[in-house]
Structures are given as C-alpha cells and as structure tokens.
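The task is simple: from the sequences and hints, build the whole structure.
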Amino acid sequence: MRKNGFARHALIETLHTVQSSFGYLDDDAIRFVARSLRVPLSQAYGVVTFYHYFSLKPPGKHTVTICAGTACYIKGADKLVAAAEKRLGIVPGQTTTDSQISLTTARCVGACSRAPVMLCDGEVAGEVTTEQMLEQLERWAVE
Amino acid sequence: MTIEELEQIVESVRAENAKFDYEVNVCMDLACASQGSEKLRDALVKAAEASGKKVMVRRTGCMGPCSAGPLVRVDPEEILYSHVNADHAGAIVSSLGGEPVPSLQCDLNEHFDKQVRVVLENAGHIDPEKIDDYISCDGYKALMLALMEMTPNGVIHRITESGLRGRGGGGYPTGLKWSTVAKAGGNLKYVVCNGDEGDPGAFMDRSVMEGDPHRVIEGMAIAAYAVGASKGFIYVRAEYPVAVARLTTALREARRRGLLGSNIGGTTFGFDVEIRLGAGAFVCGEETALLASIEGRRGTPKPRPPYPAVSGLWGKPTLINNVETYANIAPIVRNGGKWFANMGSERSKGTKVFALTGKIANTGLIEVPLGIKLWEIIDVIGGGVPGGHKLKAVQTGGPSGGCIPAEMLGLGVSYDALMAAGSIMGSGGMIVMDDTSCMVNVARFFVEFCMTESCGKCIPCRAGTAQMYTLLSRFCDGTGTMDDLELLEDLCLTVKEASLCGLGQTAPNPVLSTLKYFRNEYIEHIVNKRCPAGVCNIQAPVEVLA
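As they're listed, the protein sequences go chains P and X.
Counting along the first sequence from 1, when you hit position 124 you're at 124 in the numbering used here, and nothing is skipped either side.
Counting along the second sequence from 1, when you hit position 305 you're at 305 in the numbering used here, and nothing is skipped either side.
If you're looking for bench data, these hints aren't it; they were derived computationally from the structure.
Incorrect hints may appear among the rest.
Stated by the list, open to error - Mimicking DSS-like on lysine-lysine, the simulated pairs with C-alpha atoms at most 27 Å apart in a straight line are: (1) P:Lys79 - P:Lys57; (2) X:Lys457 - P:Lys57; (3) P:Lys79 - X:Lys390; (4) X:Lys231 - X:Lys316; (5) X:Lys316 - X:Lys114; (6) X:Lys390 - X:Lys231; (7) X:Lys46 - X:Lys130; (8) P:Lys79 - X:Lys529.
What the hints assert, rightly or not - Take a look, some chain X residues computed to stay more than 12 Å from chain P by CB distance: (9) Asp133; (10) Leu277; (11) Tyr469.
Unchecked claim - Which chain P residues face chain X? A few, computed with CB under 8 Å, are given here: (12) Phe6; (13) His9; (14) His16; (15) Val18; (16) Pro58; (17) Pro59; (18) Cys108; (19) Ala111; (20) Ala115; (21) Cys120; (22) Val124; (23) Gly126; (24) Thr130.
All C-beta atoms, glycine included, are put in the ideal place defined by N, C-alpha and C.
What follows is the structure in structure tokens.
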C-alpha cells in the first residue's frame with residue numbers, strides 16, 4: 001500500500017499483494033484493505049468477487065490449474081479436466097477435503113503452442129497427457 | 001540522454017560483442033522455458049567456459065516456431081537448432097567454428113521465408129532484460145528523433161500516413177485516434193497500453209512484452225509526446241507474471257537511462273509509466289472497462305460516447321492502444337510512414353503477428369504482411385495439418401471472431417476481408433481445427449466463455465449468452481429441435497444488436513459463422529442425433545411422454 005502511496009485506485013494492486021502473501025483473501029483482509037485505502041467495503045468486496053483471479057477460499061497445499069483456452073480445448077483439455085475431477089472427486093474451484101490439492105481452470109496462460117497446458121503450483125507443463133497429470137496428482141496425494 | 005549518447009551506447013555494446021567470436025541465443029519464452037531452456041542455458045554457459053572459446057550465451061524472447069522448442073540459434077552463422085536439451089550443450093559448443101550438429105539442425109526456411117518481421121524484429125536477437133541490447137538495435141532512436149526533430153503534429157502525420165490500424169482487433173485508424181486525443185482540451189492526458197490479452201488462444205502480446213518490453217515503452221513515450229500526455233499506464237493480465245517482471249525491469253532501466261522521467265533528452269517533455277495488473281476478466285480488454293479497472297473499480301463498460309479520447313481515465317482525455325500497436329510505432333517513426341504503407345494490402349497496411357495454434361504442424365508466433373492468403377499461412381508457414389487429418393476451419397478473433405471454413409482458404413487476411421467472412425481480425429489468435437473438431441461444440445465453447453465472462457451490466461449479454469448456451473447444449477446432447485435453431489439465430493441477432501459493449505456485440509459471432517458455414521453439422525445433431533466429428537456425447541433418444 002505504501003508503494004502505491006495509499007492511492008485508492010491501487011485497490012487491485014493491493015489485493016494482489018495480499019493474495020500472493022496469504023494465498024487467498026478472507027473477510028479480515030478485505031476489511032483491512034478497504035479501511036486503509038479509504039474505499040467503501042462494498043467496492044472492495046465487489047472488486048474481489050468480480051475478478052476471477054481473487055479467491056475467497058484458502059487454496060490446498062498444491063494447486064493444479066488446467067488451461068481452458070481455445071487452443072487447449074481443441075487439443076482436448078476437457079478430457080484432462082474430466083479425469084482430474086474423477087480422480088479428486090471435486091470440480092474446478094474446489095479443494096480436496098484433506099486440503100492437499102486444489103483444482104482450478106484458467107483462461108489461457110499464453111502457452112498455446114504447447115497445448116494442452118497445465119500448471120502445477122505455477123510451473124507450466126505443456127503437451128500434457130491424462131496419464132502424466134494423474135501421475136502428478138498421485139504424487140501429491142501421498143505426500 | 002541525447003542521440004549522441006545513444007550512439008555511444010551502441011558503440012560500446014558493439015565493442016563488447018566484438019570480444020566474442022560466437023553468439024549462442026537461447027529462447028527463454030514460456031513454451032521453451034517449460035521444456036527446460038533454463039537448464040539448457042546453464043549447461044551452455046558451463047560448456048562454453050570449459051571449451052575456452054569466446055562464446056556469448058544470450059537469453060532471448062520468443063523466436064517463433066514454438067513447436068520445435070527449445071530453440072537455440074548460433075550467430076553469426078544463423079544456424080537454428082530445434083528440440084535442444086541440456087545434454088546437447090557440449091555438442092553445440094564444440095561444433096562452433098566447425099560443422100554444425102546435423103541431428104539438431106532444423107529446416108524451417110519455408111516457415112520463415114514468407115514472414116516479414118517488424119514487431120518481432122528483435123525477438124530472438126536481444127536479451128529482454130538489457131536496455132543496452134535494445135538500444136544497440138536502434139532502440140529509443142525513434143523517440144529521440146521525434147523529440148528533437150519532429151513536432152507532435154508531425155509524429156501524428158507520420159502515423160496517419162502509415163495507415164496503421166489498431167492491432168487490438170477493431171482496426172480503428174491509429175493516426176485518427178491520436179489526433180482526436182491531441183485535439184482534446186485540458187493539460188492532463190493519459191496514455192494507456194492495453195496488455196489484457198484476454199483472447200484464449202492468443203499470446204502475441206505476451207511475447208512482445210516479455211521478449212521486447214522496451215519497444216512497447218518507446219511506442220508509448222512517442223504517443224505521449226504526440227498527444228501531449230505525461231503519464232502512462234500499462235495494463236497487464238495477472239496471468240502473465242513474467243511479462244510483469246520484464247516490464248518492471250524495463251521501466252526501471254529506462255528511468256535510469258533518462259528515457260523516462262522528466263526532461264527526456266534535455267527537452268521539456270516528461271513522461272512516466274506505471275504498471276497496472278488485471279485480475280482475470282476478459283471484459284477488461286474493452287477500453288471503458290479497462291479504464292474502470294485501472295481506477296480500481298469493477299471492470300464494467302460504459303456506453304460510448306463519450307469516447308475515452310475525450311473523457312477517459314478520471315475524466316481526462318486518454319489514448320488507449322494495444323501492445324502490438326505501440327510496438328509498431330518506433331519502426332514507423334524511424335523509417336517513415338510510406339515505408340510501412342508499402343507493406344500489406346489496400347486498406348490494411350503493415351504486418352500482423354498471429355499466434356498460430358491448434359491442429360497444425362508448426363505452432364508458434366508468426367508475423368506476416370497483411371493481405372497474405374490464408375492458405376499460405378496454413379500450408380506453407382504452418383506446415384499443414386498433421387496426422388493425416390483434413391483441415392476443417394480456421395478460427396480467428398477468439399470468442400469475438402468466427403470460423404472460416406477450409407473452402408475459403410484463398411481469402412486474403414485483412415481487416416475487411418475477415419469482417420466480410422463473418423469473423424474479425426481480433427488480436428491475432430489463429431486456431432486451426434481439423435475434422436476431429438465439432439463446430440457445434442466449438443460454438444458452445446465460445447458462448448460458454450462469453451457467458452462466464454459477461455460482466456452482467458446489460459441484459460442482452462448477461463441473459464442472452466446464457467440462453468444461447470442452453471440452446472447449444474441441447475444440440476450437443478441431442479435434444480435440440482429445428483425450432484431451437486431458429487430461436488438461436490433470432491437470439492444471436494438480438495444480442496448482437498442490443499448489447500452495450502464489444503463483448504456482447506461480438507459474442508454471437510462464433511455461432512453465426514458456424515451456422516453460416518457448417519449448418520449441416522447443426523442439422524445432423526438435430527435430425528439424426530449424431531455428431532459427425534464424434535465429439536458430442538449424444539445419448540440414445542429417450543422416449544418422451546406426451
């Protein structure tokens with residue numbers, strides 16, 4: 001906040017910083033940011049819920065993100081999502097009950113030439129097969 | 001910083017480079033990096049040190065043919081190696097000065113021959129984190145030229161003369177936009193760069209921002225000088241952390257060199273740029289929504305007029321251009337408007353970067369002169385559809401664009417020709433589909449995208465896309481009727497006509513264009529309950545009780 005001079009228009013930047021430090025935005029964090037930047041709480045909450053990037057729930061220990069961009073879709077990303085859903089028993093946006101793994105989808109990470117793409121804790125893996133993905137999930141599940 | 005000082009830097013970089021006999025360039029763009037180009041670079045550095053040869057190992061931005069990655073280019077011989085990994089480092093270094101390594105060499109001459117590189121001229125040749133590398137490739141010369149020798153009007157005239165049109169998709173003449181902002185009153189104006197590359201399946205802007213960030217900054221600074229602005233914002237998607245990091249470094253270096261800040265080049269002109277992060281909202285690519293987002297609000301669009309050129313950020317006149325548009329500015333100022341206007345077709349000048357992806361042999365970034373025939377891109381540059389499959393359609397413009405069928409490959413790629421074919425140029429995603437793609441399913445994919453990305457402000461878009469999705473889903477699971485098809489067409493026209501912003505107005509495009517060219521596939525789904533491509537999971541018809 002100080003970096004941006006407590007400017008009100010730096011709300012999104014501030015929320016990004018909070019999320020990257022804590023992994024998600026809880027009520028306390030949003031209240032604190034809103035108060036510090038002197039923006040109405042409704043605006044802060046509105047911004048958090050408007051943008052897909054912000055999460056109100058704590059993420060799991062590991063996160064697998066499957067790209068759902070057009071190129072990945074053409075190359076069969078939907079099959080990856082279906083396999084991950086089946087293996088983990090959750091739908092995108094949820095975390096397994098043991099808080100090990102979160103499953104999310106992304107709107108294109110910009111690595112379309114290597115579609116389908118998944119991100120394992122932020123690491124880009126291209127030309128992913130269902131087997132490769134399940135292997136990775138297995139490795140995380142037993143940790 | 002003056003022109004003389006720039007030249008001194010060029011000299012010193014040349015002198016530095018002359019100490020080396022060979023340059024080994026390693027592509028560190030996302031596609032190559034995800035295949036271990038980081039390790040490869042370290043291995044090359046080690047091998048080079050051990051060999052005692054005078055080798056410079058340089059990390060560069062995207063070289064283009066990502067499907068052949070990780071890529072390494074050895075200069076001055078310009079030998080391109082594909083699919084290189086760390087184990088090959090020794091072989092490459094020991095081959096320097098002798099015969100190239102045959103097993104790694106790749107023949108992509110056809111791929112490169114048809115291309116003309118303006119925006120990507122430095123990509124793969126410079127280290128994006130070193131401002132001196134950029135300066136040694138004529139970087140910031142255009143800015144100095146504009147500041148020292150041209151009036152703001154002169155700059156605008158040159159841009160107008162070039163015939164450059166907005167590269168974000170709409171194709172609005174850039175010169176006209178600039179002169180509108182320049183004429184707007186008030187002494188506080190803003191320059192904004194739209195780096196919210198929302199189109200899923202396109203990554204040109206990411207590559208430019210990551211591979212040649214100074215080019216964008218220089219373009220913005222020239223624009224600011226031309227329209228009389230002193231403050232700029234680059235709006236980047238949060239999904240592109242590397243682009244944000246590279247831009248941050250680039251801005252810091254430019255400030256250190258006195259190319260940003262006050263009194264640039266000893267003149268009274270001052271300009272600085274701030275980075276603003278997006279947070280995953282496609283609608284923020286729309287200019288009024290983007291401005292709302294920069295102001296720290298929900299990214300919902302506003303009715304236009306007033307256009308941002310008159311009343312934009314905090315009510316001040318604001319110039320918004322796409323990353324690629326700004327990337328074209330410096331070469332135009334340097335080489336003149338006529339030089340640029342000589343490339344391209346009648347009404348679409350210059351070159352365009354496309355992200356060629358999908359079912360095609362050579363995926364990656366390409367830059368072609370506008371007016372090029374679509375088949376030249378697909379068959380020659382792209383190397384055709386692999387696996388013995390047949391080309392079915394080419395999708396351009398992302399969720400706002402349409403599908404061009406294989407029969408229309410003779411089409412010249414320009415703003416107007418694509419528009420006439422029911423698609424749009426868009427920001428430059430070009431996705432190739434073969435006979436394993438179901439067009440009804442593709443249409444549903446895009447509508448689903450628009451449905452989830454709709455900001456919800458106006459009803460035609462919010463409710464219309466949801467209804468379109470329901471109808472398309474019925475076709476996909478085999479419960480649709482011919483009445484539904486009629487309803488869908490009607491609904492598409494309503495959404496197109498009545499929506500507030502570009503997202504809603506263009507959301508029906510994928511549906512309308514597939515209906516136009518692939519109507520028989522829809523009918524096959526409805527009448528015969530069969531998906532010709534075998535994508536849709538149609539259950540056996542269930543008896544419906546009356």
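Here is how each hint holds up against the structure:
1. P:Lys79 - P:Lys57: Roughly 26 Å between the alpha carbons, so the hint for lysine 79 of chain P and lysine 57 of chain P holds.
2. X:Lys457 - P:Lys57: Holds - the C-alpha atoms of lysine 57 of chain P and lysine 457 of chain X are around 26 Å apart, at most 27 Å.
3. P:Lys79 - X:Lys390: OK: lysine 79 of chain P and lysine 390 of chain X at ~22 Å, within 27 Å.
4. X:Lys231 - X:Lys316: Distance of about 11 Å is within 27 Å: holds.
5. X:Lys316 - X:Lys114: Roughly 43 Å separates the two Cα atoms, so the pair is violated.
6. X:Lys390 - X:Lys231: violated, 51 Å
7. X:Lys46 - X:Lys130: Cα-Cα ~22 Å, so holds.
8. P:Lys79 - X:Lys529: Roughly 22 Å separates the two Cα atoms, so the pair holds.
9. Asp133: holds, 23 Å
10. Leu277: The claim breaks: leucine 277 of chain X does not keep its Cβ more than 12 Å from every Cβ of chain P (closest is about 5 Å).
11. Tyr469: holds, 15 Å
12. Phe6: violated, 12 Å
13. His9: Result: holds, 4 Å to nearest chain X Cβ.
14. His16: Since chain X brings a Cβ to about 5 Å from histidine 16 of chain P, closer than 8 Å, the hint holds.
15. Val18: Valine 18 of chain P check fails; min Cβ-Cβ to chain X is 12 Å, beyond 8 Å.
16. Pro58: violated, 18 Å
17. Pro59: This hint is violated: proline 59 of chain P lies away from chain X, its Cβ roughly 15 Å from the closest one there, beyond 8 Å.
18. Cys108: holds, 4 Å
19. Ala111: holds, 5 Å
20. Ala115: holds, 6 Å
21. Cys120: Status violated, d = 11 Å.
22. Val124: Hint on valine 124 of chain P: holds, closest Cβ of chain X at ~4 Å, below 8 Å.
23. Gly126: With Cβ-Cβ at 5 Å, under 8 Å, it holds.
24. Thr130: violated, 17 Å
Checked against the numbered hints given earlier, this structure breaks hints 5, 6, 10, 12, 15, 16, 17, 21, 24; the rest are met.
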